[in-house]
Amino acid sequence: MLARSSLRASRALGATKTSATRTATRNASTQSSSESAGSWKNAALASSSTALAIGSVAWYYYQYGRPMHAMTPAEEGLHATQYPWEHEKFTKTFDHAALRRGFQVYREVCASCHSLSRIPYRSLVGNFMTVDEAKALAEENEYDTEPNDEGEIEKRPGKLSDYIPAPYKNDEAARAANNGALPPDLSLMVKARHGGCNYIFSLLTGYPDEPPAGAVVQSGLNFNPYFPGTGIAMARVLYDGLVEYEDGTPATTSQMAKDVVEFLNWSAEPEMDDRKRMGWKVIAVGSVLFAISVWVKRYKWANIKTRKMLYNNPYAQQNATKHPGSVHRR
Amino acid sequence: MAGVLSGIYSTFVRRNYVFLSTIFVGAFATQIAFNTGANAIWDSINRGRQWKDIKHKYMEAEDDE
Amino acid sequence: MGWYDYLSDLGAALTIQSVAAEQAADPPAEDESSSEGDEKDDSEEAESGDGEDAAEEEEEEEEEEEEEPEDIKDKLEEECMKTPACAPAKHHYDECAERVQGQIDENGKADEDCVEEFFHLMHCATQCAAPKLFRQLR
Numbered sequence: 001m002l003a004r005s006s007l008r009a010s011r012a013l014g015a016t017k018t019s020a021t022r023t024a025t026r027n028a029s030t031q032s033s034s035e036s037a038g039s040w041k042n043a044a045l046a047s048s049s050t051a052l053a054i055g056s057v058a059w060y061y062y063q064y065g066r067p068m069h070a071m072t073p074a075e076e077g078l079h080a081t082q083y084p085w086e087h088e089k090f091t092k093t094f095d096h097a098a099l100r101r102g103f104q105v106y107r108e109v110c111a112s113c114h115s116l117s118r119i120p121y122r123s124l125v126g127n128f129m130t131v132d133e134a135k136a137l138a139e140e141n142e143y144d145t146e147p148n149d150e151g152e153i154e155k156r157p158g159k160l161s162d163y164i165p166a167p168y169k170n171d172e173a174a175r176a177a178n179n180g181a182l183p184p185d186l187s188l189m190v191k192a193r194h195g196g197c198n199y200i201f202s203l204l205t206g207y208p209d210e211p212p213a214g215a216v217v218q219s220g221l222n223f224n225p226y227f228p229g230t231g232i233a234m235a236r237v238l239y240d241g242l243v244e245y246e247d248g249t250p251a252t253t254s255q256m257a258k259d260v261v262e263f264l265n266w267s268a269e270p271e272m273d274d275r276k277r278m279g280w281k282v283i284a285v286g287s288v289l290f291a292i293s294v295w296v297k298r299y300k301w302a303n304i305k306t307r308k309m310l311y312n313n314p315y316a317q318q319n320a321t322k323h324p325g326s327v328h329r330r
Numbered sequence: 001m002a003g004v005l006s007g008i009y010s011t012f013v014r015r016n017y018v019f020l021s022t023i024f025v026g027a028f029a030t031q032i033a034f035n036t037g038a039n040a041i042w043d044s045i046n047r048g049r050q051w052k053d054i055k056h057k058y059m060e061a062e063d064d065e
Numbered sequence: 001m002g003w004y005d006y007l008s009d010l011g012a013a014l015t016i017q018s019v020a021a022e023q024a025a026d027p028p029a030e031d032e033s034s035s036e037g038d039e040k041d042d043s044e045e046a047e048s049g050d051g052e053d054a055a056e057e058e059e060e061e062e063e064e065e066e067e068e069p070e071d072i073k074d075k076l077e078e079e080c081m082k083t084p085a086c087a088p089a090k091h092h093y094d095e096c097a098e099r100v101q102g103q104i105d106e107n108g109k110a111d112e113d114c115v116e117e118f119f120h121l122m123h124c125a126t127q128c129a130a131p132k133l134f135r136q137l138r
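Chains as they are written, first to last, in the UniProt record's numbering: chain A, 1 to 330; chain B, 1 to 65; chain C, 1 to 138.
Hints may be right or wrong, so weigh each one.
As the list claims (entries may be wrong) - Heads up, incomplete: computed chain B residues facing chain A, CB under 8 Å, no partners named:
1) Y17
2) F19
3) W42
4) I45
5) N46
6) R49
7) Q50
8) I54
9) K55
10) M59
To be verified - With a Cα cut of at most 27 Å, we get these calculated BS3-like pairs of lysine-lysine:
11) K281(A) with K92(A)
12) K281(A) with K57(B)
13) K57(B) with K92(A)
14) K52(B) with K41(A)
15) K281(A) with K89(A)
16) K155(A) with K55(B)
17) K297(A) with K55(B)
18) K135(A) with K55(B)
19) K159(A) with K57(B)
Hints listed in this document are in silico derivations from the structure and should not be mistaken for laboratory results. Just so we're clear, the structure is a prediction, and the values are computed from it rather than from any experiment. The C-beta atom is built at its ideal place from N, Cα and C for all residues, glycine as well.
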């Protein structure tokens, strides 16, 4: 009651205000009458504020908008080209034959310096090795036992639950054997480096016969355009025919690089096959459910969205005179 | 259409315990069917790439040993 | 593993190839059969009858496998460098290399390096060669 009466009052007040001041105010307009005496002031104001706006935009761009590079191209490293990896497609698994070949390349070429500590022998089983093959590989290595009754630790042959052994005892030994450089663990390398598979493939196959003219490479380092800074401690390791593949695939540098990169991708993302398969199932079920929920929502809302309201004007002559009490207030 | 729907209602929906059982059995059956179908499609898209497609080469070598 | 397992393994290994056979002596099979007993000779000869071709093929292939498979990546990239898309980058790099070489000859050291030009060139070449290379790899 109070609200309604106050609303009515304010409405009346507003009406009187506008009517009272209507003649006094004059907004800036394009009328060229003598009443708009300050027209040059208006023009000056308009042009100076435009100049200020443009000037501040230009100054902002000068300060913050110009392209800037944190590193020189050499410091950043050449960006790896996108190779058409089959296993990167949305509906494709790893090629497990390639994984097997890649693991062979890792074992024969890379394992002498790089560890793969997150991969146990049991994870090879059912992916690209049989149980017996994996067991045989595990047994080639020695591992420490749990302490015996006297607290002594002995050696035992490996079993499936053991992890792939590292080539060096510790980082210091690794550095000592590699001119002070530490060959990093490769288990997650594909995820750990910008560019992933493309980067590792390009790195392995990208060693030029000679550094480009004028490029100075620190002694002990090798020129590789893809490595940030271009000077990498690892020399080229893949050469044609270095490995003999079981399945007779010709072991060119590119083939070995491709296989080992796919293997390293598996090592970083062993769940990829299942993840993609499950992902498609989720998308399929989810979109069906989503479509159903859209339909249900529209079904439930149909009443509301199609309802119509009738307005009978309470101040219409007929209603007021005939039925004063039956006016709709909506 | 209406006859079919009301038939379904009277057999499956009217009694709550029947309704519940229908839902549970239906969910189970749908899951089996969907998984079988989806896996079949996945396997056909990835023919020759998975371990189960190539393991015969290496299992035979083991049988010889 | 006994002698029979050894023989059957050998036979299995010798009979996988399916390339057309060529003439030649068959030293591995013959050595085996001469060192074994009579009974084994029969089985060996039967196997070497099949395995002869295969053994020769394996010898031939083993000799051929001494040759390294040739990587086509470098060739593809060189061809790509001649295409009109990458020829300018190659040109710029060659120019830079000459310039730098000139600086080295005159001053003993270079004032600049051609790393950026090299990057542009390699980027162009590898992008062009990438799909072709992968089509040929297994």
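Here's how the hints hold up against the structure:
Look at Y17(B): its Cβ only gets to about 25 Å from chain A, farther than 8 Å, so that hint breaks. Below 8 Å, beta-carbon pairs count as interface contacts, and F19(B) has none with chain A, the closest being about 18 Å; its hint is therefore violated. Because the smallest distance between the Cβ of W42(B) and any Cβ of chain A comes to about 5 Å, under 8 Å, the interface hint for this residue holds. Contact between I45(B) and chain A, as hinted, is supported at the beta carbon level, the nearest pair being about 5 Å apart and thus within 8 Å.
Against a cut-off of 8 Å between C-beta atoms, the interface hint on N46(B) holds, since the closest Cβ of chain A lies about 5 Å away. At its closest, the beta carbon of R49(B) sits 5 Å from a beta carbon of chain A; the interface hint therefore holds under the 8 Å criterion. Given hint, Q50(B) at the interface with chain A, holds; its Cβ is 6 Å from that chain's nearest Cβ, closer than 8 Å. With 8 Å as the threshold, the beta carbon of I54(B) comes within range of chain A, its nearest partner Cβ sitting at about 5 Å, so the hint holds.
Contact between K55(B) and chain A, as hinted, is supported at the beta carbon level, the nearest pair being about 7 Å apart and thus within 8 Å. Restraint check, M59(B) versus chain A: the minimum CB separation of about 6 Å is within 8 Å; hint holds. Among the hinted pairs, K281(A) with K92(A) is consistent with the structure: their alpha-carbon atoms are about 14 Å apart, no more than 27 Å. For the hint linking K281(A) to K57(B), the alpha-carbon distance of about 30 Å lies beyond 27 Å, and the restraint is violated.
Between K57(B) and K92(A) the CA atoms are separated by roughly 22 Å; this keeps the pair inside 27 Å, and the hint holds. Distance check on the hinted pair: K52(B) and K41(A) sit about 85 Å apart at the alpha-carbon level, beyond 27 Å; violated. Restraint check for K281(A) and K89(A): satisfied, since their Cα atoms lie roughly 16 Å apart, inside the 27 Å limit. Between the alpha carbons of K155(A) and K55(B) the distance comes to roughly 33 Å, so the proposed pair goes past 27 Å and is violated.
Simply put, K297(A) and K55(B) have alpha-carbon atoms about 50 Å apart, too far for the 27 Å limit, and the pair is violated. Annotation: proposed proximity of K135(A) to K55(B) holds, straight-line Cα distance about 16 Å (limit 27 Å). This hinted pair checks out: K159(A) and K57(B) have alpha carbons roughly 24 Å apart, not beyond 27 Å.
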